[in-house]
Every structure is written in C-alpha cells, then in structure tokens.
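*Asks:* Chains as they are written, first to last, in our numbering: chain A, 111 to 298; chain B, 16 to 792.
Hints are computed from structural coordinates only; laboratory data are not their basis.
Note that the Cβ used here is the ideal one computed from N, Cα and C, for glycine as well.
Certain hints may be false.
[Unchecked claim] Partial list, computed: chain A residues near chain B (C-beta under 10 Å):
#, residue
1, Phe-173
2, Ser-183
3, Phe-187
4, Asp-188
5, Pro-211
6, Glu-218
7, Thr-242
8, Asp-245
9, Asn-246
10, Thr-266
11, Glu-270
12, Pro-275
13, Thr-287
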Amino acid sequence: MKKRTNTLMAIAFAATVIWTGCKKDEDTTTNPPPPANEEEVITTMKLAFVDSSNNSNIKYATFRDPDGDGGLSYDIFDTIKLEPNKTWITTILLLNETESPADTISNEVLDEGVDHLFCFTPTGTSATVIKTDLDNNGLPIGLQSKWYTTVAGNGTMQVELRHQPGVKDGTCTPGDTDISVDFQVKVQ
Amino acid sequence: MLFICVINFHLMAQADSCKSSLSGKVLDEHDKTVLEFATVYILELNRGALTDSAGNYKISNVCDGNYTIRVSHIGCENIEEKILIKGKTIKNFYPEHHTELLKDVEVTAARPLEQTTQTKTNVTDEKINQSKGQSLGDALKSVTGVNSLNTGNSISKPVIHGMHSNRILVLNNGIRQEGQQWGVEHAPEVDPFIANKLSVIKGANSIRYGSDAIAGVILVEAKPLRDSAGIGGELNLVGMSNGRAGTASAYVEGNLNKLNALSWRLQGTLKQGGNISAPDYILVNTGLKEYNFSYALGWKKKNYGAEIFYSQFNTTFGIFSASHIGNLTDLNRAFNSPVPLETGPFTYHIGRPFQHTEHELLKLKSFIKTGDKGKLSITYARQYNLRYEYDKHGPLNDSLEALNKPELKYEITTHTGDIIWEHNRVKNFTGSIGLSGITQANTYEGRALIPNFQNYGGGLFFIERWKKNKFEIEGGIRYDYKWLQVFKYQYIGNATYELISPIHKFGNFTGNVGFIYKSDSVLNVSLNIGTAWRAPSVNELYSNGLHHGAAALEFGDKTLQSERTNNAILTVHYNPGKRLNIEVSPYIHYINNFIYRQPASTPMLTIRGAFPAFYYKQTNAVLNGCDLYFKYKLTKSLDITQKASVLRAWNQTENDWLITMPSDKYETELTHRFNNRNKINSAYISASFLYVTKQGRVPANSDFAPPPPAYYTVNLHASCNIYVRKQNIEVGVSVFNLLNESYRDYLDRFRYFTDAMGRNIALRIKIPFNIKSGLPP
Chain A
111 MKKRTNTLMA
121 IAFAATVIWT
131 GCKKDEDTTT
141 NPPPPANEEE
151 VITTMKLAFV
161 DSSNNSNIKY
171 ATFRDPDGDG
181 GLSYDIFDTI
191 KLEPNKTWIT
201 TILLLNETES
211 PADTISNEVL
221 DEGVDHLFCF
231 TPTGTSATVI
241 KTDLDNNGLP
251 IGLQSKWYTT
261 VAGNGTMQVE
271 LRHQPGVKDG
281 TCTPGDTDIS
291 VDFQVKVQ
Chain B
16 MLFICVINFH
26 LMAQADSCKS
36 SLSGKVLDEH
46 DKTVLEFATV
56 YILELNRGAL
66 TDSAGNYKIS
76 NVCDGNYTIR
86 VSHIGCENIE
96 EKILIKGKTI
106 KNFYPEHHTE
116 LLKDVEVTAA
126 RPLEQTTQTK
136 TNVTDEKINQ
146 SKGQSLGDAL
156 KSVTGVNSLN
166 TGNSISKPVI
176 HGMHSNRILV
186 LNNGIRQEGQ
196 QWGVEHAPEV
206 DPFIANKLSV
216 IKGANSIRYG
226 SDAIAGVILV
236 EAKPLRDSAG
246 IGGELNLVGM
256 SNGRAGTASA
266 YVEGNLNKLN
276 ALSWRLQGTL
286 KQGGNISAPD
296 YILVNTGLKE
306 YNFSYALGWK
316 KKNYGAEIFY
326 SQFNTTFGIF
336 SASHIGNLTD
346 LNRAFNSPVP
356 LETGPFTYHI
366 GRPFQHTEHE
376 LLKLKSFIKT
386 GDKGKLSITY
396 ARQYNLRYEY
406 DKHGPLNDSL
416 EALNKPELKY
426 EITTHTGDII
436 WEHNRVKNFT
446 GSIGLSGITQ
456 ANTYEGRALI
466 PNFQNYGGGL
476 FFIERWKKNK
486 FEIEGGIRYD
496 YKWLQVFKYQ
506 YIGNATYELI
516 SPIHKFGNFT
526 GNVGFIYKSD
536 SVLNVSLNIG
546 TAWRAPSVNE
556 LYSNGLHHGA
566 AALEFGDKTL
576 QSERTNNAIL
586 TVHYNPGKRL
596 NIEVSPYIHY
606 INNFIYRQPA
616 STPMLTIRGA
626 FPAFYYKQTN
636 AVLNGCDLYF
646 KYKLTKSLDI
656 TQKASVLRAW
666 NQTENDWLIT
676 MPSDKYETEL
686 THRFNNRNKI
696 NSAYISASFL
706 YVTKQGRVPA
716 NSDFAPPPPA
726 YYTVNLHASC
736 NIYVRKQNIE
746 VGVSVFNLLN
756 ESYRDYLDRF
766 RYFTDAMGRN
776 IALRIKIPFN
786 IKSGLPP
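In isolation and in its complexed conformation, chain A is listed as follows:
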C-alpha cells in the first residue's frame, strides 16, 4: 500500500513539473502583423529649392523607394536641375510612404537635431551648400540650407544624413549613415 502511495506521489510530482513553465507564442501564424506597424522606414527624400530672387521659381528633386530597402527598387530618382548664378533656399522633406497617410520622418529628425547632421558633397558641379538651421547645441542640422550656383555644368551632389547620437561635433565623420543618395546635378 505504501509503495502504491509513493508511486502516485511520484506521478503527481512529475505531472506538476511537466505542466509548469512552458512558454507560448501567440497563435497568430496565419495572421502576420501588417507592414505599416513595422519599424520606421524612410522611403522618400524630397528636396525643394526656392529661388531667392523669385519665390514662385521652385524646383524639386525626389528619391523614392516605395517599399523601403530591399524588395522593389526605387521608382523615382530625379536629377537636380538648377539655374546658374542663383541662391536657392532649400528644404529637405523625409517621408515614410509605406504608411497611408505618409509619416513625415523629417519632423523626427528635427526633434532629434542634436543627433543628426546632413552632409552635402558636390563633385564636378558649381553648386555649393551652406546649412542654415541649428540644433539646441548650436550645431547645424541641414534640413534647411542655401545652395549657391555659379557656372553651368553637370556633376553630382551626395546628400547624406549622419546619425550621430552623443557624438555630434559638426563634422561628417562620426556616427552611421541613415541616408546616402548621390543626385545628378545639372546647372543650366
């Protein structure tokens, strides 16, 4: 009789141990989370150039990869076309167009201006860039800038967004790349 009690106790103990502690995942296999709830992506960079001598003379240039990195390739990649010998008041707009309506990521960049810096590197073009906005520490951000054009000609302009949390010093060296697009530039 005693032996039987022991056996029963052992089985009860075993059963208790088995049914404790198993972790579970949600049974959502057939129903994956919709892509809009994914992490933030930057699909689109839009540059707007306003002629400082004529407010109604506005040029645009856009790079757009509508489903983010990977998947489909970009569908819009404009050439920047500016007239020579002018000053252009330039604004950068960043969007996440995987969502509808699109999310304006440039607002987040502005909020975290102390961690971000735009860098503009011209090659073979007369266009030069001066950043006109400042973060809370008095360092430039680059969402707002002035582009100066002189002689006509073709070249490229690399527009880079550096993510520099805690290491921003006004130069382009520290941090990682959030955006890097080489636009064709035609000054004509």
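Based on these hints, arrange chain B on the given structure of chain A.
*Replies:* Relative to chain A, chain B alone:
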C-alpha cells in the same frame, strides 16, 4: 562522471611464482568508448579483474599457458576467447551492445539503434573539459573536418565538411534542435554543460533523424540518470581573463532507496562576460549573459520506463558596435581602418545592438519491451524558440523609442514525435523501424526578414544491419514529406500590401548503405555511401530585404528545388600496437541543386546608399576532402597528435570555387602525462600549434574584402585531479592564443572589422560531491 580512477582488484591471490600478466583495455565495439566496470575473467583460474574509468584492466601473477577469457559488461554480449598468456600479455576486448541482454535497461542510455557503419567521432573528455566556459561550437572544433562559423566570440556555428546551418542536425538529448538555424549569426541554443558526451557523425545521416542533415549530425548527450540510490552532484567553475568572464555550472542528482525506479537531476549554468579584447584594442559591446537550467526525471523498470527532460537556455549578448554599418561606403571605410571605427573601455554593460534568445525543450520518452523480440519507444518533444534582435539605433519617434522594442522578433514552436520499434538479433540481423512527425509555427514582429509560416512533416524509416565475423553491412531507407505554408505581405504599390499564403510541398527518399571490415582491432575499414535531400528553407525561399549587420540585401527565390546529395566516406583506422594510431577519412559529396548566395554584379541603390545584393541560386557542387588523425607515443609519457582537415569545394555550374568554405587546417599537439602520485593523478600538460592556411580558393568579386592571410596560434593546456576527502577534484588551466597573435579567420564574420580575440587564460575547477550515500544501513 565517476572519479574512481583505479579499481583493479584481484579476486583471489595466487601464491605460486607465476609472474606473467594479462592487461589491456575494454572498449565499446562501435564507438570505441571506454567501458568502465567490465569484467575480464579467466575461466580456468576463476579469477578476474574489473576495468577502471579509463577502461584498463590488469590480471597479475598468472602462469604461462592457454586460457579461456570471458569479458562481460552490462548491456553487452559476453565475449569468450581462447588466448595464450606468456609474459606481459596485452589484449584489448571489444564487446558489442546487445539488446537481448540489456538487463534492467538504463532509460536514458537506451538510445535507438545507431547507424554504426558511419564514422562517429567523439570529442574526448579531455577536450570537453578544455572547452568548458566556451560555446558548443568551440567544443566541437577538436574533431577533424569540423570548423566553426563565427560572428565574433559569442556566436559559433559548427561547420562539417564545409556545410552548416540547415545542412547540419544538432541532436540535443535525442531531439532535433529546432530554432532559427538558417541564420549564419544564429548559434545552436544548447548549454554545453548539459553534454556529458559530444560526438559528430559526418556524412549524410538522415535515415534515423529525418531529412536535412546532408552534411552530418552533432550529438549532444546528457549523462544517464543515476541508477544507484543516493544523492550527489558536481560543481564546475570557470574563469577567463579575456572578457573577465565567469561561468558556474552545477548539477544535483539522486535516486531514492525506497523508490529505486525513480531518478532525478537538476542542473543549471550561469555565465557572464564583458567586452573581449583583440591583442591591440577592446571590442566595444561584446559582453554576454547566459542562464540555463534543466531537469530530468526518470522512472524505470525492467520492462518499461519513462523519462522527462526539460531545459531552458537564455542568452543576451552584445553585437560588436563597429560591425554595424550603414552601407557599402561605411563597410569599405571600416575595412580599411587599421583599428575598428569604435573602440572603448572594458565594461560588462550590453548596449545596442544586441540579441536575446531563449530556447525551451520539453521531452517525454517512454519505452516498453515487446516480449523478447524487441523494444518499442515513443518520444514526444516540444520546443519553443524566441529571438529578439535590437538594431544599433532605436526608432526616431520618441514614443516608439520609449517602448524599446526589438526591431525584429521571432517565435517558433516545434512539436516532434517518434515511434520506433527495434528488433533484437534474429540470426545475424538487427534493425529498427520508425515513424516520425513534426509541426512548426513561426511568427514575427518587426522587420519581416522571414515571414510567418506553418509546416507539417512526416517520415517513415527502416534500418537493418547484418553482421558476421569480421564483416558488417548496414542499409536503411527513409521517406519524408514536408508541407509548408507561408503567410506574408507583398507590396502591390500605393502604400498597400496584400497578404499572400503560398503552399510548398516537398517529398523524397533517403537511402544509405555501409560496409565494415574489422580485422581484430588492428585494422578497421568502413565505407559509407548515402543519398539524402534537404528541402529549401524559408529564408532561401522568401528572404527579401536588408540584412542589417551583414550589410547585404538578400533575395530568396520561391521556385527553389530540394537539394540532393550523393556522398561517400571511407574511413580507415589502423592501430597496430600501443604506440601508433592512424585514422584517414577521405570523402566526397556531390550535391545537386546546392543552394548558395550568388552576388549580383552591381550593388543595389537604396536611400541608405549602395548595398551589395545577393540572390539565392542553385548549382551542382562537389565537395571533397580528407580528414586525418595520427597519434604516436614518442615515449611512455609523451604523445604527439597530428590532425589535418583539407577541403575543396567546387561550383560546377559556374565553374568556380564555392564561397565561405573553410581553408585547410593543421594542428599538432604534444602531450606529456605525469605518473600518478600520492594524491595527484591524471596530470598532463599539452601544447598545441594550430595552423590555418589562407583561403585562396574563392570566386572573384564575391566578397566585400579578400580572405585574410594564413595564421597560427599556440594553445597550452594543463590539468590534474587532486584527491581530497574521497573525491577527485579536477583543476585545469588553458591558455588560448598564448603568443597574443593578431589574426583574422576567413570564417569569422567580424573579420571585416576586427582582429580575433587575443590571449585568453582560463582557469577551471570541477568538484564532485556526495550528499547522501545510497547504501542501506
């Protein structure tokens, strides 16, 4: 493990002046493991001896003459042999495990019939001990033909004959490990301290364990549960200088006097390490934390038994900060920099980017003897695997950032079940037949690198083995079927996505035939020819996007077909006397539809800049090579061991080499063993020289950077057992990379960014303990 080093007693003293002796080893016929407590008995003299923990026996004071020797061991067929004893006679015995004779079967050790004609290489106890505190992948590297694919120091994936990930099966306690094995930076989630025995079976070994394992199988076996009454255990402590890492692992196990059928064990491991150092700098964010535990309960009777095993593995580790790069320009900048772009002080803190994984295994196993004809065993297991990957930077949006969610989360739950019937020997045949099933569900949150999926699979197998005298033939056949449904969103334009749920079906045969010729114990030749297949994995079918940390865009192909391998492995083992031991094992794998990543000719433009793009492609590949092991006793106390692993991998379709294949590896080890002294035994000191050649056989323009140059490292090991309070306490020291050499390994994914780990001194101590002796008063 038992620490009774020499049990060697004589049953009866022989008074006369006969001075001859009989000594040698008793080893398992198949895997050559030592058999402890085997009896070697001289029938004519009614005396004998038991083997010690190294399998040695000695019977002294025997008169010269012809005798009949009987060797018996629990669970083995008795051997009776007539031999001549003259002077100091040395004779090894090789009993065979025989199901008919299994008395009171040990539940955990009652493994199903293995494919014995295949070469199974055990990691020696010495090598297991030396690798304590390191990962499972590191522990396996001492086997020839096995490499590891590393992502820095904390992620180490085993590679057999150049193949890894889904082409290798890890059997953790008899259960196929199911997690996110497809990822090159996803290491097997197994606590190496669970392993009492580690072994590698090379070659297509899919009959018993299911499809996929076209390169080989890694067996992680826990110690059998205690079958004698009492409570005991063991404590292991390891400290390492590099990363200032500490590991503590312990188990307690017992068996009740009153309830002798019930055995139990509790086991746990804690590990923490900080930033590791290369010879010239500290690697930022390379710390890790790990906590694991397991328990086992066994109930066994003569004709039936059951066992429960539960384990949990939890780890969090930093990903070297400077390895996380923005785009191809950043990568080139990182590669051309003499020191990593980020360096910093030592800390235990783990920051972004980091990964956290959890793995849970519950296994239920039972067996019942079906009369004297055989044994039926049923196994069920559930595994749950969780993986969080945190990018270097959180979201820009403050409210999202505050949630601090991983950028990628996977959960995969797997249920497996097996029913196997093994039949006892009928004439010269033994064999087994079995049925197995698997179902898996995967879900993600965050980045959808791998979509949700559900799969079901089933397999049926049959293995028979024929054995007579010096010959053995084994053959097996298996059919597997796999059904896979994927659930993913596909971009259709205008910020809209459509849910698609395609179904894939795969089914095919696996076959295997092996031959063994065994002349005494001197020459042992085995040839194994197999054909096996592997269904493409979900990442190969559906990867689509940027693989952060790998700085690559990967594109799967949903039309991929199954891989089929046809391989042959020949193993010649020659052991002519006490001094020399050679094993040569040439192999060839022909793989049709071998799936690999083909780099695109031009990088792909994204808003982050240019990235190299890779497409999953299929080709016909040939992988051939040779593993060599050579051991020679220079003097009574000094051994030299030479190991070599050579591999050539050719892409037949592209007429070029295959990428990411290990380069040739040579290792020489000198070991000096000290004589046992009063309280100190099993002491040794060894020095090993590892030389790894430059991998020159790579396809052109397929990698971010050329393969690193050849390198060598020197490692030192020393260990001894100290007998204190009736226990053998084992103390060991290892120095890895003694000369603090700066080098990079071709199979280390961090080689683009940093040198490998510098000198590392490890101190280990193993303390067995006995809480309660089991002997009744």
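*Asks:* Indicate, hint by hint, whether the structure satisfies it.
*Replies:* For each hint, the structure was consulted:
Taking 10 Å as the C-beta contact cut-off toward chain B, the hint placing A:Phe-173 at the interface holds, the least distance being around 6 Å. The closest approach between the C-beta of A:Ser-183 and any C-beta of chain B is roughly 7 Å, which is under the 10 Å cut-off, so the hint is satisfied. Hint on A:Phe-187 holds. Least Cβ distance to chain B is approximately 8 Å, under the 10 Å limit. Checking A:Asp-188 against chain B: minimum C-beta separation of about 13 Å lies over 10 Å; hint violated.
Hint status for A:Pro-211: holds, given a least beta-carbon distance of 9 Å to chain B, under 10 Å. Given the 10 Å rule on beta carbons, the hint for A:Glu-218 holds: about 4 Å separates it from the nearest Cβ of chain B. The interface hint given for A:Thr-242 is violated, since its Cβ lies 22 Å from the closest Cβ of chain B, which is over the 10 Å cut-off. Of the supplied interface hints, the one on A:Asp-245 is violated, with its beta-carbon coming no nearer than about 14 Å to a beta-carbon of chain B, more than 10 Å.
Interface restraint check for A:Asn-246: the shortest CB-CB distance to chain B comes to about 15 Å, outside 10 Å, so the restraint is violated. Restraint check, A:Thr-266 versus chain B: the minimum CB separation of about 13 Å is more than 10 Å; hint violated. Below 10 Å, beta-carbon pairs count as interface contacts, and A:Glu-270 has one with chain B at about 8 Å; its hint therefore holds. Interface restraint check for A:Pro-275: the shortest CB-CB distance to chain B comes to about 7 Å, inside 10 Å, so the restraint holds.
Taking 10 Å as the C-beta contact cut-off toward chain B, the hint placing A:Thr-287 at the interface holds, the least distance being around 3 Å.
Going through the hint list in order, the structure does not satisfy hints 4, 7, 8, 9, 10.
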